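Engineer: Residue strings, one per chain:
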Amino acid sequence: MLQNGAPPELWESTGLWAAPYGHSFMGDYHTDSRLVTALDHPVFREYRTALERRVGAEAAARILGVSRWNSIVYPSCSFMSQFRQLRIVQPLAVDRTLVSAYSFRLGGAPEQMFRDTVAFANVVNGTGSPVLTDDLEVYERAQHGLTTARSDWVYLGRGHGSDLPDEHRTWRGKTGTSEIHIRNQLAAWVRYLTDEP
Amino acid sequence: MSRPDVDQLLVREAWLLDHQRLDEWLGLFTDDAVYWVPLQMDQAEPFTTASLIYDDRRLLEIRVRQTQHPRAHARVPAPRTVHQVTNVQVVADDGRELTVTSSLVMIEYRKERQRVWGGLVEHRLRRTDAGLRIAAKRVDLVNSESELCGIACLF
Chain A
1 MLQNGAPPEL WESTGLWAAP YGHSFMGDYH TDSRLVTALD HPVFREYRTA
51 LERRVGAEAA ARILGVSRWN SIVYPSCSFM SQFRQLRIVQ PLAVDRTLVS
101 AYSFRLGGAP EQMFRDTVAF ANVVNGTGSP VLTDDLEVYE RAQHGLTTAR
151 SDWVYLGRGH GSDLPDEHRT WRGKTGTSEI HIRNQLAAWV RYLTDEP
Chain B
198 MSRPDVDQLL VREAWLLDHQ RLDEWLGLFT DDAVYWVPLQ MDQAEPFTTA
248 SLIYDDRRLL EIRVRQTQHP RAHARVPAPR TVHQVTNVQV VADDGRELTV
298 TSSLVMIEYR KERQRVWGGL VEHRLRRTDA GLRIAAKRVD LVNSESELCG
348 IACLF
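Chains as they are written, first to last, in my numbering: chain A, 1 to 197; chain B, 198 to 352.
Note that these hints are calculated values from the structure, not bench results. Any given hint could turn out to be false.
Said to hold, decoys possible - Just so you have them, the derived chain A footprint on chain B, three or more residues with Cβ under 8 Å:
# : segment
1 : 246 to 258
2 : 265 to 271
3 : 338 to 352
What the hints assert, rightly or not - If you want the ones that stay clear, here's a sample from chain B, every Cβ over 12 Å from chain A, calculated:
# : residue
4 : D202
5 : D220
6 : V287
7 : S299
8 : R323
Predicted model only: the values in this text are computed from it and were never measured. Glycine residues also receive a C-beta, built at the ideal position from the N, C-alpha and C atoms.
Kindly generate the complete structure, drawing on both the sequences and the hints.
Structural biologist: Take a look at the structure:
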């Protein structure tokens, strides 16, 4: 786990929550100053001030206190709220998936914030993005592996048995590299397939 | 600035790309250079609409380092390419910079898959003490608005 140049301990300490029906999110992540310095950026400060003027300091603190990275609304929606990115995932065939990425402009926010959102989309979600291209390669290699007769099972066991319940009816992976969110999606899929309508 | 100098630079650029001489390729760009592959046809600007690629010089350096990295998944192995540059025209010259348009047909091959790319290219070339340098390169792919698999090659 050497991506982003972040040390393994950082990834292990990343929060990973799973909720019923296959939903999940990563949290406790982008407040880490080793990864993100933008929270003190003048543009973000201007946004915070505008939000406080509009909803009051208390509500603004509550809104901005929601600190999530990748969130998955199962089965087809993925968003990164802090960066105003939404992705819709449409499976077309067993080895073909269409991903549409949307960037959001926040009403009343500084214009520069939307330009930063687009710049972020180019680097992270763009077809030629240094991030996305590596992600796609990993998916394709996994699919390629599944076409071989080598293994009957896909292993989703990392962290199994160590997931922790919390007070919001969600479960938290004990470590940030737990596959709790994938097991959670599988459980939802099985439930949708087998539940009576 | 004569046309042979412009032609020579574009041919040299293509040759460097096709031979993975990427540090030298990067050396053709000015420090304030922009490398842009728009998403929309006739896209006017890169800040309110996403692009396939929009790199300033720093991001372009990261892209080159990633292409050379021994463990960057989508670039192991790096795509092999053949760039065919034709229809070169100098369409503007303000004394400091020239605007040059050309057509690009590029074959990309990687891991048993061959793709053909076609694009209209616009270079902004700056006269410097070291000769002509690329201040901006824009590549409008004919299929930029299509559903595309990841792009790890360099146009």
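Engineer: All the hints need checking, so say for each whether the structure fits it.
Structural biologist: Structure-based check of all given hints:
no., hint, verdict
1, 246 to 258, "holds (count 7)"
2, 265 to 271, "holds (count 4)"
3, 338 to 352, "holds (count 6)"
4, D202, "holds (30 Å)"
5, D220, "holds (17 Å)"
6, V287, "holds (28 Å)"
7, S299, "holds (20 Å)"
8, R323, "holds (24 Å)"
In summary, this structure violates none of the numbered hints.
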